[in-house]
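Here the UniProt record's numbering is used: position 535 in the sequence shown is 535, and no number is missing along the way.
Don't read these hints as lab results, they were simulated from the structure. Among these hints, one or two may not hold up.
Claimed, not checked - Straight-line distance between alpha carbons at most 30 Å, and here's what the computed DSS-like set of lysine-lysine pairs gives:
id	residue 1	residue 2
1	K187	K288
2	K593	K403
3	K476	K545
4	K403	K624
5	K520	K187
6	K520	K545
7	K208	K187
8	K326	K405
9	K368	K388
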Amino acid sequence: SPPLPGPSVLLRAPEAAQFLRQRQRRAYQIFEETKQGHLERECVEEHCSKEEAREVFENDPETVRAQTCIQKYGSSYTRSPDFLTCVHNLPNQCSPDPCHKEGTVKCEDLKGDFYCECKRGWQGKTCEKDIDECRTQNGGCNQLCLNKLGSYRCSCYSGYTLKDSKTCEDIDECATSANICGEAHCKNLISSYECLCDAGYKYDDVRKTCQDINECEEKLCEQTCVNSPGSYTCHCDGRGGVKLSRDMNTCENIIPCVPFAVGKSIKSLYLGRMFSGTPVIRLRFKRKQLTRLVAEFDFRTFDPEGILFFAGGHQDSTWVVLALRKGRLELQLKYNGIGRVTSSGPLINHGMWQMISVEELERSLVIKVNRDAVMKIAVSGDLFTLDKGLYQLNLTVGGIPFKTKDLVLPINPRLDGCMRAWNWLNGEDTTIQETIKMNEKMQCFSVAGRGSFYPGRGFAMFNLTYVQPSSGNETKTSWEIELNAAIQPATDTGVLFALVTEEASVPFSLSLIDYHSTKKLKQQFIIVALENTVVSRLAINLCDKKEHSVDILLKKDHLSLRVDGIAGESELSISELEDSLSILESSLQSTVKTYVGGLPDVPVTSTPVTASYHGCMTVKLSSKALDLDEALYKHSDITSHSCPPVEAGQ
């Protein structure tokens, strides 16, 4: 095939021969070939060709100048002084310095060539190339390797320090800078640190302080929220029948944990329904002929005092009142403007049913208990009075139609008692029976025992004083609250006893509660609080169906709580308690009202518990029983002297 067209390369004969001939180099010294080219040795002492000169000088200009010396003064074999001078006069190859200044230790003139001695970290003919040490095993650095001209250095990430020029170790900022977090706690982290505040606080980076978190702004509480340093408290208005639930934020209904036998009898009449002392039943009898009073009924009570019934005309005419005083029957009567009082018979406030009768004879009144006459009183007149041609008689049950101060002997008319099987004037009484059947509040508990029953709503209020003149010095006063309460709770939440000022603050309260507000713990306690601060508490099972005895003693420098003989735990230091007691003392010097079983309309945050007590309770102050019939006010659903039992089998 014909040759491919293309450019041709033609050399002259001597050049082609030089290229094709195997190059030989003379060696007058051992291992000369391993040595760097040298003018004296190879081109002065030896006879060299142009090609060998080029090998020495490695550049055409110097090679040509060496050839010029040969042409001018003869070969190196003649050792002509002029030839030697010509060669030695070749220019200094290190001037100007061909080496890279930053990377060179020195430049060595090799007579037609030069040698650059490189510094550590540099390489190349003129030491112009930086060695990147970081490319080999990261330069031996533990974390970061930073290459730089002629060298390198190890570095560390933020939060670390270089220990030995290669190894990085964590900086403990908390140890090296004592005030790095200010008032917060410093926690060292890997490569960093963290400033921590107690729960309920957040860290302010600028001020280096712990700022309180206002949790109430986060609307965590279902009802009322109160923020406090480092915490918050949710409050549920117990007067609405709710308490704080287990999550300490929401509210839940207060459910009885002990069931009481609160069933009522539709065939009974409760005499204590009206706290005002007004009658629960009013009857008016009219007869065409003169009729005499006959009243008979079964009766049960634990109350020592109160009015059973009134019979007669108006207060200035003829009338009789059957009452109870100190547990015995008392008859007050007024005939022709003359009043008398008679009391006799056995104690009947023992809670057992007994039959009582009052019979008006021609000239006397006979009162019987269980068919035994206990009183027979001579009278001169009739209880029925003639008015407009008819003989008329007013009869009221559980109260009188006029004020008690107009009685022959004033009495507390309120009577926690129960009637059944009544018979007035030997007549049927279907109207009263139907009325009672339709109104549960007029009915009595089917079974009742001693004590006062609080249904979980309302309260009783008293006007009592706790400040007395100091013995031997009437200008000084002392104060003391000595309280004993026998309780049998139906629920685990409620106010037992409290003092309330005119400003609606609660300087003292004794309550049941089912959680620990600071520990956020659900557990049943009896607590003593001064204002809204719990000062003493005792853990107790409030739902065990048992009666518990609670004793409180407060005075100037003392507070104690005991439940069933077990002392409560103080929540305050001695100085804090003294401060709280001084506030209580100031309140007692002014006007306070005593509340039993509940609270009036006070702020829900004024005291730990606002729910009304549910269950049985009797209270003594300074060893004297507190009679709810003597209260300034009592909720009509609170029974003052009777309490139903716990349901059997529950």
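Going down the list of hints, with the structure as the test:
no.	hint	in the structure
1	K187 / K288	violated, 101 Å
2	K593 / K403	holds, 26 Å
3	K476 / K545	violated, 45 Å
4	K403 / K624	holds, 28 Å
5	K520 / K187	holds, 27 Å
6	K520 / K545	holds, 26 Å
7	K208 / K187	holds, 14 Å
8	K326 / K405	holds, 19 Å
9	K368 / K388	violated, 34 Å
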